[in-house]
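Chain by chain, the residues run as shown.
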Amino acid sequence: MELLLQILWSSIGVLIAVAYGLLTGGIVRKLFARIQGRVGPPVYQGFIDLGKNFFVRDNISHGPMFYFGPALRTAGGVGIFLFIPAIVGWAPGENFSFAGDLLLVMYFMFFGSLGMALGGSAGGHPHTPIGAGRGLSQMTAFEVPFILAVIALVADTGSFSVHDLTLAQAGGFLEWNLLTHPFAAAAAFIAMLGMNGYAPFNVVGAPNEIPVGPMTEYQGGFIATLGTGRAIFAIAKMILFMDLFLGGATSILEAFIKVFVIYMWSVAVAAVFPRYRVDQSMRFFLGWPALIGVVAVLLALF
Amino acid sequence: MGVEEKGKVPLLPSGVPVGSKPHATDSTLFAQGRPKPLSLDESVAFIKNWFRAQSLNVMAYGTGCGSIELGPLGTSRFDMERFGITGGPTPRQSSVLIISGYLSVKTLKRVIRSYEQMPNPRWVVALGSCTINGGMYWDSYSTIKILDQYLPVDVYVNGCMPRPEALIAGFKDLMDMIKRGEANGYIEYQNNLDWYRANQRKVIKDWNLPEYSW
Amino acid sequence: MNEFVQEIQARFEVLWSNPQRPDLMQIGVRQVNALPLLTWLKSNTGYFILNHFSAVDWIEDGEFQLTYLLTDYAARRSLMVCVRIDRAAPTAESVHHLWPEAVTYEQEMFEMFGISFPGSPRQGVDLLLEGWEDIPPMRRDFDTAAFAEEAFGFRPGRTHTNPRDRVAIAFGQKGFLHDH
Ligand code: SF4
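Chains as they are written, first to last, in the working numbering: chain Z, 1 to 302; chain W, 1 to 214; chain U, 1 to 180.
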């Protein structure tokens, strides 16, 4: 019974996360537009796009693997969301957090891009492998600082559970890992720039060169599924960062605000930077951010 | 029917002149019986059309000089994104195809291919006098003159070349037509595919396209 | 530039020369001399850049004229080498081994004028006119307007006013507003 109830709460949580992700996406588009001196689309444009894409006929298919791409992508986002506590200490918001969930979540981060690489390649378009290759190589690069940061936290706290890591920061913002582990936080927040896929690390789906990278052959409902997946993926990642570095949230409102603030960090960077090539972004991530991560690990160990 | 009869509007097989749109006649101006509530089908269609109209994806494909005017549409001065109009990077992800000016026979082939790869519903906006009656390329050996014999055009924007404002007005018209359920060029294309194919084959001499480019 | 023409004259027969501008000289040579002259210009003088390469249809003379525009960027001068070839059997020597960029010009001229350049790569490969069945369209005996009308139709309602007619209207004479 308790499990059923938890499933119900978590499904509602997924829906809220999707809606909030779409809304945030709309706000980001509006923000970019305002920065560029435009009026910009309405903030609810994400919902309209989603609806429109569902009302477009899907007239091609490239075999079963083609369908797996968007499915895996969405599953990755939902997976991250379900296995970390969105709101600590409130049963409906705890989701399915368990002892080793941090490891699982790290795996789910790869999941989406891997799924896109597999599914997109089934489309057979020459641009797909280029985009997928760029995405995967960039991902291997930004995973390094992120994992180093996580290792530093884990070494200090002695637990692989996001729940425990969050509880360890209870008691005011002075306890937040952002302040107590500044090096780990720096490495992780720089890695987040790559994770979110905004400029300067948006070469994966470069719309002008390789139309949209891995998604070249997708259309209609596939795009809608991908959009849903992207929305929840973005929010789930922000919740993870909130739990790891900003002391989690104890109420829905707090969660909304913290997620939004973390999201704005990568948007603020994206608004002013041009795009890196893949080799440049790899060199970037394996340089200073990785070094900062190493320093964080060393500080945590000794 | 067809291009050879000079001075006569070419007709579709249904007897309707090419490019003519439904317009107000006596029967549409006066109520026919009592007003009826929307049926479920109609209301669903209304919702669908509303969503489609509010989120147009313009395929990034320029054929003639008019494509110069497409660039400014995205900039801060004209900003088409405020109407929900964004660029569609591939045919698979776009719903509006802009024929931006003169269309040579060689390009027509590619355009047909791209058009057929777009998922339904899809619309064609034609820019400039070149697409309407040949414009200043009226005696060219390689550019087609009457676009709606080869593709179903929903909105024409005239001018040589039309300003971005005119283009935005055209988009507004298109959105209104979609909401009213009138922008049905793609259905016309499918119902009269043989007629369109015959016209296309007449100008594209080395026809090597597949039967239909899914 | 005249001294330069003298210099050429000493080696090859120059049929006529025509200084168009202080920095642009036009010379005509026989077809047999064309390739040796171009080779000599490319290897021994400053005129080693092929700026433009095109053809003119002299239908009255029954000849095509090939025009090679060579430019000496150091001296900021250009030389136009004109070669007349027979219109009935238009064949010329390819210069793609001197200037690789000539390949596209030669491909285009084959398509637009029907001039063939034996040995040039991409001869007969379609450039712009895919599946063209008529005579090459840039020849002057090709009636473009009639072809366009026949192939692409004509939408009624199109009028054209040319300035002559407007003058006629302004002065109260009978105008010639064509309703095609
Ligand atoms: S209508 Fe005018 S601007 Fe447009 S393609 Fe034709 S010539 Fe160019």
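It cannot be assumed that every hint is accurate.
What the hints assert, rightly or not - The following residues of chain W were derived to be distant from chain Z, with all beta-carbon distances above 12 angstroms:
{"hint": "1", "residue": "F83"}
{"hint": "2", "residue": "I112"}
{"hint": "3", "residue": "R163"}
What the hints assert, rightly or not - The list that follows gives simulated cross-link-like pairs (lysine-lysine, BS3-like), each with its CA atoms no further than 30 angstroms apart:
{"hint": "4", "chain 1": "Z", "residue 1": "K30", "chain 2": "W", "residue 2": "K205"}
{"hint": "5", "chain 1": "Z", "residue 1": "K258", "chain 2": "Z", "residue 2": "K30"}
{"hint": "6", "chain 1": "Z", "residue 1": "K30", "chain 2": "W", "residue 2": "K106"}
{"hint": "7", "chain 1": "Z", "residue 1": "K30", "chain 2": "W", "residue 2": "K48"}
{"hint": "8", "chain 1": "W", "residue 1": "K202", "chain 2": "W", "residue 2": "K48"}
Honestly, the hints are just simulated from the structure, not real lab data.
Even glycine gets a Cβ: it sits at the ideal position worked out from N, Cα and C.
Verification of the supplied hints:
W/F83, annotated as away from the interface, has a beta carbon of chain Z within 12 angstroms; the closest lies near 8 angstroms. Under the 12 angstroms C-beta cut-off, the non-interface status given to W/I112 relative to chain Z holds; the minimum distance is some 16 angstroms. Separation of W/R163 from chain Z is adequate, the least Cβ-Cβ distance of about 18 angstroms exceeding the 12 angstroms criterion. Between the alpha carbons of Z/K30 and W/K205 the distance comes to roughly 48 angstroms, so the proposed pair goes past 30 angstroms and is violated.
Restraint check for Z/K258 and Z/K30: the C-alpha separation of about 20 angstroms stays at or below 30 angstroms, so the hint holds. About 40 angstroms separates the Cα atoms of Z/K30 and W/K106, which puts this hinted pair outside 30 angstroms; it is violated. Proposed proximity of Z/K30 and W/K48 is supported: the alpha carbons are some 24 angstroms apart, at most 30 angstroms. Using a Cα cut-off of 30 angstroms, the hinted pair W/K202 and W/K48 is violated, with the two alpha carbons roughly 37 angstroms apart.
In summary, the structure is inconsistent with hints 1, 4, 6 and 8 from the numbered list given earlier, while agreeing with the others.
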